[in-house]
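*Asks:* Below, each chain spelled out in residue letters.
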Amino acid sequence: MNEAMNFNFLRNAPLPPNGRKVAVIGAGPSGLAAAGYLGGLGYQVEVYDKLPKPGGLMTFGIPSHRIPSARIDAGVLILERSLGVNFHCKTKVCCSAPLHEEEGDHFSWDMIGLGELVENHDAVIICTGSWKSRRLGIPGEKLAGVYSGLEFLFPIRAARYDTRNMHTPDVTGKNVIVIGAGHSAMDAAHAALHLDAAKVSVVYRRTKEDAPCGTFEIDRLLELGATWVEKTSPTAILGKAEVQALEVEGPEGKRTLPADTVIGAIGEIPTPPFAGELGLENIRKGDVRWLNMTAINNVFVAGDVLSGPSKVGKAVESGLKAARSLANWLDMKSHDPDACFSEQERYKEGRP
Amino acid sequence: MSAQKTLFVDYSKCIGCETCEAVCGFINDKPRIHMTRTRDGLMVPLYCHHCEEAHCAKVCKKGAIAKDRDGALVLQTMLCRGCETRQCILACPFGAIFATATGVAVRKCDLCASRRDLGMNPACAEMCPCGAVMFVERDKVEQLTTEESETSLKRVIEHIRPAVRRKA
Ligand SMILES: Cc1cc2nc3c(=O)[nH]c(=O)nc-3n(C[C@H](O)[C@H](O)[C@H](O)COP(=O)(O)OP(=O)(O)OC[C@H]3O[C@@H](n4cnc5c(N)ncnc54)[C@H](O)[C@@H]3O)c2cc1C
Ligand code: SF4
Ligand code: SF4
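So the protein lines, in turn, are chains A and B. Position one of the first sequence corresponds to residue 1 (our numbering), numbered consecutively onward. Position one of the second sequence corresponds to residue 1001 (our numbering), numbered consecutively onward.
Note that these hints are calculated values from the structure, not bench results. Fair warning: this is a prediction, and the values are worked out from it, not measured in the lab. Glycine included, each C-beta is placed from N, C-alpha and C at the ideal position. What you were told as hints is all true, and nothing was included just to trick you.
One-sided and incomplete, this derived list gives chain A residues near chain B with beta-carbon spacing under 8 angstroms:
hint, residue
1, Asn12
2, Met58
3, Thr215
4, Phe216
5, Val316
6, Leu320
The following block holds chain A by itself, in its conformation from the complex:
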């Protein structure tokens, strides 16, 4: 049987080297799919990721009982062995944000500027995902014991790679409240139960039927001993230095739920390097002349960094399409070396 998520699924064997070199920033599903597409076409592909291992959220976000990491590892090996893709892990490509802003930054040993990559490659494709967690926006969010979904889940997966800096959150015997009802909320609740929390409650502002993760997932969680609190929104996190309780408002009015740990799993927001310069808003709106190309010539973008948090399949599709667009672009340029959009031409409606 097939043991790998085979990012080289499009061909048996790659085309001979075509002399072109691309850099892929981010080794999540979108970056790996793009690497497979371009590697198969004979490109020399260099993949950069700030984390110690490729896979993105498939490796560091989604728990391993849902995606077996061996399949991702095997897929990466195929990219390396059959397509000659080079992986540069623990290498962060310079961001608009200062270091140690997003989950996983402290793994990076190396920093490279985007400009440097653009100069040294025929094209660059940015697949950096959506890692900055949305905040709850209520008082008490800075208290110790308050996490976002990724802040809570990431160290559990990452502790295997760097035990000095990474500590699995200690929730043993504690009272844990998870806010949200998406996949990451369910994953956080599962993880807390797995780490022997005394009590795990999931607080959601709407009903079970509205939950993005579906009623089946919630029922399964309840079977494992979690508590479901619906039609209830958090209004404040209470405590001195550490969390002591969560104040919520629900059908019965305001009340406080005792808590030692509060996990706000209400989604992530994209964190592209040089967000402004890239003109992502226009690409999102489809308002560009060349699919998935950013405001910088030869720089493309794909996956959750473009769309916001989505799904593995959406990211894969976006990676494949952006890679195809990139290859078409370079093909066109090789026929007409002067091809390059001026500021005015790049946008259908002129510069916004």
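Use these hints to put chain B with the ligands onto chain A, whose structure you have.
*Replies:* Chain B with the ligands alone, transformed into the frame defined by chain A:
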């Protein structure tokens, strides 16, 4: 004739990530494996089981659906006349034949026929991150079936059967 093969999706391993549908759509323009959301919120792909006794092939009066050397039930688009009743869609117990808006009236999985010609496996099976989609010999399906996969399959069937009837 070579060993008869089919797809087997172990729904208990599926996380509903849509990768199978996405890669199928990428190589075929329009996907032939389709995500659906069951009433209890499970996202799963509906897919062709390439049945040993395929109802779709039986009901098609034009003989447009036929079994190829590997056991795949393949739609020969040239032979499909797009009959009004779309018998094949109604006949399929797994909701695996899809009506189209343009061109050939229906589309269905052919187990990546042109990829198989080149010695490759169906794309969905290659790319599923969970190993939930398997390209296997038909008589291996039984061995791969587990209590969990059966339970999950039941949930999916409960969901598609009324849907199929509704269309009729
Ligand atoms: C807890 C959780 C559960 C989920 N469950 C599911 C699910 O069940 N099904 C599903 O389909 N989807 C799920 N998702 C969503 C899914 O994981 C994402 O949609 C998908 O991984 C996005 O792929 P991507 O390639 O765009 O980005 P990512 O997977 O986020 O990969 C981006 C990569 O870029 C790297 N990177 C970022 N910035 C830089 C930089 N400056 N320099 C170098 N490298 C950088 C990161 O380290 C990362 O490896 C879940 C997400 C979370 C958080
Ligand atoms: S289309 Fe339906 S009836 Fe025909 S082989 Fe596939 S699953 Fe069976
Ligand atoms: S690719 Fe696999 S896990 Fe994802 S939806 Fe399809 S069968 Fe399920």
